[in-house]
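With this note's numbering as the guide, the letters of the sequence shown map in order to residues 28 to 382.
I should point out that these hints are in silico values taken from the structure, not numbers from a laboratory. One or more of the hints may lead you astray.
[To be verified] Here are the simulated lysine to aspartate or glutamate pairs, EDC-like style, with alpha carbons at most 16 angstroms apart: (1) 279 to 239; (2) 211 to 242; (3) 337 to 289; (4) 82 to 108; (5) 337 to 308; (6) 133 to 167; (7) 213 to 167; (8) 236 to 289; (9) 211 to 172; (10) 82 to 129; (11) 213 to 239.
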Amino acid sequence: MNSEVIWPSLTAIIVLGLTSLLKQGFDIAFGNESDRLALLSFKAMNTCSVIRNRKLMYLDLSSSNLTGSIPASLGNLSSLDTLILRYNNLEGSIPQDLGQLEQMRKVLLEVNTLPGTIPSSIYNLSTLLFLGQAANQLQDSLPPDLGITLLRLRLLAVGGNSFTCHLPSTVVNASLLSWLDITKNKFTGQLPNNRGSLSYLIQVRVGNKNLESNDLSFPTSLTNCTILQVLVIGHNHFRGYLPESISNLFNKVNILSLRHNEIRGFIPSGISNLASLVNFDSGNNLLSGHIPSTIGMLQDLQLLNLESNKLLGPIPSSLGNLSNLYSIYLYNNHLSGSIPSSIGDIQSLQILNLQ
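Generate the whole structure from the sequences, applying the supplied hints.
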């Protein structure tokens with residue numbers, strides 16, 4: 028059988044999404060058409076004529092077990108505005124030709140094995156809203172004018188690669204940015220302060236190994252991010268004192284991870300203001316003082332990690348009020364007294380590490 032799919036009616040398709048169809052079954056999705064649609068169960072992108080359809084606007088082939096490289100011919104699909112190829116086994120360089128697609132709004136290529144760099148032409152796509160390249164093998168630096176050329180950017184996800192240099196200060200110019208993920212890279216230097224520009228941030232993940240700051244100016248610069256839900260700044264070299272004001276910064280945040288830094292000071296009693304908090308991880312820092320009893324007011328809390336700090340005093344009995352708590356890590360501190368009997372009443376608790 029010829030490896031190329033021959034189906035004349037494909038020239039009329041302008042939207043193609045085959046996400047996980049093989050898992051669901053063609054019969055369920057398409058009934059009597061499943062025999063013909065089964066021809067689209069291809070293993071490499073260049074084995075299907077649909078990608079030569081210049082009218083194609085939307086192409087989603089995520090989780091399709093694709094191998095090989097991304098065809099440069101995709102750059103000829105002048106109507107294409109969405110390209111989603113994540114969760115495959117694609118390799119080879121990202122084609123420079125994708126930068127020719129002047130209508131492009133989404134380029135999502137996460138979780139493949141793509142090496143090399145993001146083509147400079149992609150950074151010039153002024154229409155781009157979503158740029159997802161996380162969990163590949165990219166080695167690159169982000170252009171200094173990223174937040175100017177991609178002014179409309181909503182998502183920047185490049186975590187899990189080997190990006191180097193600084194996060195460009197111009198990123199704060201992309202005022203509509205809602206998702207920033209640069210975790211597990213080799214970025215260095217300081218993060219740019221928000222300066223009130225990024226008010227739509229929902230998730231911020233900047234856990235690296237080489238970012239540094241002598242204060243906590245970056246997280247405290249997020250004061251106007253009233254819809255922020257996730258803040259992960261762990262595994263860096265952030266220094267300074269945890270401000271009392273952090274209790275008022277993120278009243279909708281559900282994940283707050285400060286772990287593996289050099290943060291000093293007390294856990295503020297006003298932490299109870301973070302009523303949506305599910306995951307609070309400040310392990311491996313230099314925090315001191317007592318664990319505030321007001322933590323027991325965080326009814327949604329599931330994980331509490333304060334291990335490897337300089338905390339002292341008793342474990343607050345108010346932790347027994349946290350009916351959703353499943354993990355408590357308090358080891359390697361200077362805590363004293365007995366384990367509160369109320370902790371035994373937490374039926375959801377699976378891990379209690381006091382060591």
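Inset, instruction - Sort out whether residue 308 lies within 16 angstroms of residue 337, counting only the CA atoms. - result: Since the Cα atoms of residue 337 and residue 308 sit roughly 15 angstroms apart, the hinted pair holds (cutoff 16 angstroms).
Inset, instruction - Compare the distance between the alpha carbons of residue 337 and residue 289 with 16 angstroms, and conclude whether the hinted pair is satisfied. - result: 12 angstroms, holds
Legend entry - 16 angstroms Cα cutoff - pair residue 236, residue 289: Status holds; Cα separation ~12 angstroms.
Inset, instruction - Would you mind confirming whether the straight-line C-alpha gap from residue 213 to residue 239 stays at or under 16 angstroms? - result: 12 angstroms, holds
Legend entry - Pair hint residue 211 and residue 172, alpha-carbon separation not exceeding 16 angstroms: 22 angstroms, violated
Inset, instruction - For the pair we were handed, residue 213 and residue 167, check the Cα-Cα distance against 16 angstroms. - result: 10 angstroms, holds
Legend entry - Proposed proximity, residue 108 with residue 82 (alpha carbon, max 16 angstroms): Between residue 82 and residue 108 the Cα gap is close to 11 angstroms, so the pair holds against 16 angstroms.
Legend entry - Pair hint outcome, residue 82 versus residue 129 [Cα-Cα no greater than 16 angstroms]: Status holds; Cα separation ~14 angstroms.
Inset, instruction - For the pair we were handed, residue 279 and residue 239, check the Cα-Cα distance against 16 angstroms. - result: 26 angstroms, violated
Inset, instruction - Measure nothing beyond the straight line between the CA atoms of residue 133 and residue 167; if it is 16 angstroms or shorter, mark the hint as holding. - result: 20 angstroms, violated
Inset, instruction - For the pair supplied as a hint, residue 211 and residue 242, confirm whether the alpha-carbon distance does not exceed 16 angstroms. - result: Given that 16 angstroms is the threshold and the Cα spacing comes to 22 angstroms, the pair is violated.
Of the numbered hints given earlier, the model fails hints 1, 2, 6, 9; all others are met.
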